[in-house]
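**Q** Sequence:
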Amino acid sequence: MSHYQHLFTPLTINGMTLKNRIIMPPMGTNLASLNGEVSQEQLEYYELRAKGGTGLITIENICIDFPFASNGTTQLRIDNDQYIPGLFKLTETLHKHGACVSIQLNHAGASAYAYRLNGEQPLSSSNTPSKKNGNIPRAMTHDEIYHAVNKFGEAAERVKRAGFDCVEIHAGHSYLISQFLSPLFNKRTDEFGGSPENRARILTLVVDKVRACVGPRFPISLRFSADDFLKGGNTLEDTLRMLALCQDKVDILNVSAAQNDNLNLQIDQMSLEDGWKRYLSRAVRDTFNKPTVIAGNIRSPKVAEDIIATGDADLIAIGRGLIAEPEWVQKVQNGNERLMRKCISCNIGCADHRIARSRPLRCSINPDIIHGDAYKLRRVNRDTRVVVIGAGTAGMEAACTAAEVGCHTWLLEKKNSLGGLASEISRLPEKKRIADFPQFMKNRMAGLDNLMLMVGQEANVERIAGLRPNLIVNATGSIPLLPPINGLKECIDVEGGNVFSIMGMIHHLDQFADVEGKRIAVVGGGAVGLDVIEYFSARGARTALIEMQDGPGRDLDVITKNAMLTMLDEHHVEQHMQTQLVAVHPTHFSVKQADRAYDIPFDYGFVCLGMRANTTGLNEIEQWARANNVKIMNIGDSLMARRIIDGVREGRNVLDTLEDMGALGNRESAKIPLLTY
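In terms of full-length UniProt numbering, the sequence shown has 319 at position 319, counting the first letter as 1, and numbering is strictly consecutive.
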């Protein structure tokens, strides 16, 4: 704790005392009931973060006026009194663990969930969509504007009755108030458009109404995009000018940034450094001398401490970091940083699940965001021996989970390193955050006496049989996909050659330290190919991308895709879409686009056509397992090349297999209730 004295200093704001400076910002979960009530799963999700020591938990944005204010498939609602009981139960639960609780009031405006509107147009400041190719809204009438203002006030009054300690107004991120504030969306010519003062009129009305409804001794937080980071949008100076009109009636200034069309700067892309937005909160704090909040890929407690110590902000918003690690605060405070799951900013289970796929919230590196480590209370009911083959992230999760419930576990890895593809990809500078997860897994394994790590030992039937397993988990990962293309196998990854796979590139990174002006050609516009383009473009190379689909990044998560498309544009990457690779040569690729065949020359060429399951030796092991009545699982990329989230989830699923084998107590008898009413 002595290392982080500022981070764990209490702070009192308008009668609300926070026990530390860590807050959980509002993040949609898709865990609410279909009619907008708090679900039991949602309650347990937030309680886990309260138990973990978080100072202030801000519940996800809540709908103030259904359906026009709604955002998302299963969003919380507060537009009438029937929602107060569930919300009160939530605040009552979190308060038991010493957390303060806020909730964010929001009107989605043009970003409203279309399926709830029954064919009607969403509302906004003007008829400008809130994002490229978004639904076209209609401009609100004066009556509709004042109706929305009143709904903010009514919702705030319910917030107070529901037992919350604070209320937050959402005025950023391309939602309704932001659609009035930003000239990107606001094209009005009346008193609600034009000058910054006019564009901010709805915000001042909302703040006044909310203050009137909650009274002077109830904290109000205001979240806003300090800089749109888009041409023609608000700059920091514009935002400061508008904040001056209403900041005297709010208590906390929650500094965010960006809009929908640069979502990768709002929900930060992986490559952005810890606390990269701190200069924004510093400017706001210096201007108004009020408590400020800052977010922005803050994973390191040292960075968080420095932000508070230097006065760049008063509160640190740890969002995705608290999804990944509910005990963030306790582990930092108690000196257990080595056992923290640090969010890797992959944005798959959190942002992409909710925004792009209408799925409930999940996490790539935390396979149970609801119950956390409760599974460790379970134990095998007989001597159970588990052999895991492959120490990638899926295999390590399976091995740790099995050991943590009492299995005698062996983890075999034929290489002399751990972490599999995750560790390899993390050697790319822009992907360095990924390395935090394999490191956490190593630290986790180190504390398990019943987990035996066998590095540099390839699994075969003889070695496995000698360990007498009851369960075998195959997690041998994936290898680059190399289709039967003329010249590919003869040219790729050969000594002294200029054509590489992703693994060949990573193992020769020193060779590519100085590539400014070099011509780089990459075949494959998926995640791996774009990682390669990103690496070389950032270092001054002239890059060309070759892809059979009609556009790059088709299967990427929404944040990474946005970041990669921006990168392609900013670095003027030469793009050859709907183009097929027909032959590989030492100095050029031969390609075909429609009826046109041509060559693309390069200094270095990369073939990144995806990965395929590595099932080497699996058939023999499966035959032995069947003959000896041994259960076998095949998980992660060795089942099908996918993402970290899939393999980690399947690794944790070893619990279900153990249960099916009768080796683990059933769920009901092992479940420890979080609450008793």
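A few of these clues could be false.
[To be verified] Pair by pair, the computed Cβ-Cβ distance ranges are:
1. H97 <-> E37: 14 to 24 Å
2. E37 <-> G466: 48 to 58 Å
3. T587 <-> D555: 27 to 37 Å
4. Q623 <-> P85: 53 to 63 Å
5. N416 <-> D555: 27 to 37 Å
6. T566 <-> H507: 27 to 37 Å
7. E495 <-> G551: 29 to 39 Å
8. N498 <-> G311: 32 to 42 Å
Derived by calculation from the structure, the hints in this document are not laboratory data.
Note that the coordinates shown come from a computational prediction; the quantities given were computed from them, not determined experimentally.
Here a beta-carbon is modelled for each residue, glycine too, at the ideal position from N, C-alpha and C.
**Q** Could you check the hint for me, namely that H97 and E37 are 14 to 24 Å apart, CB to CB?
**A** Given about 22 Å between the Cβ atoms, the range holds.
**Q** Regarding N498 and G311, is the given constraint of 32 to 42 Å on their beta-carbon distance met?
**A** violated (51 Å)
**Q** Could one say that the CB atoms of T587 and D555 fall in the range 27 to 37 Å?
**A** 31 Å Cβ-Cβ, so the 27 to 37 Å window holds.
**Q** With respect to the beta-carbon atoms only, verify the hint that E495 and G551 lie 29 to 39 Å apart.
**A** Holds - the Cβ-Cβ distance for E495 and G551, about 36 Å, lies within 29 to 39 Å.
**Q** Do the Cβ positions of E37 and G466 conform to the proposed distance bound of 48 to 58 Å?
**A** Cβ of E37 to Cβ of G466: about 55 Å, so the range 48 to 58 Å holds.
**Q** So does N416 sit 27 to 37 Å from D555, Cβ to Cβ?
**A** holds (32 Å)
**Q** Range first: 27 to 37 Å. Now tell me if the beta carbons of T566 and H507 are that far apart.
**A** holds (29 Å)
**Q** State, for the Cβ atoms of Q623 and P85, whether the hinted interval 53 to 63 Å holds or is violated.
**A** Given about 58 Å between the Cβ atoms, the range holds.
When each numbered hint is compared with the structure, a violation occurs for hint 8 only.
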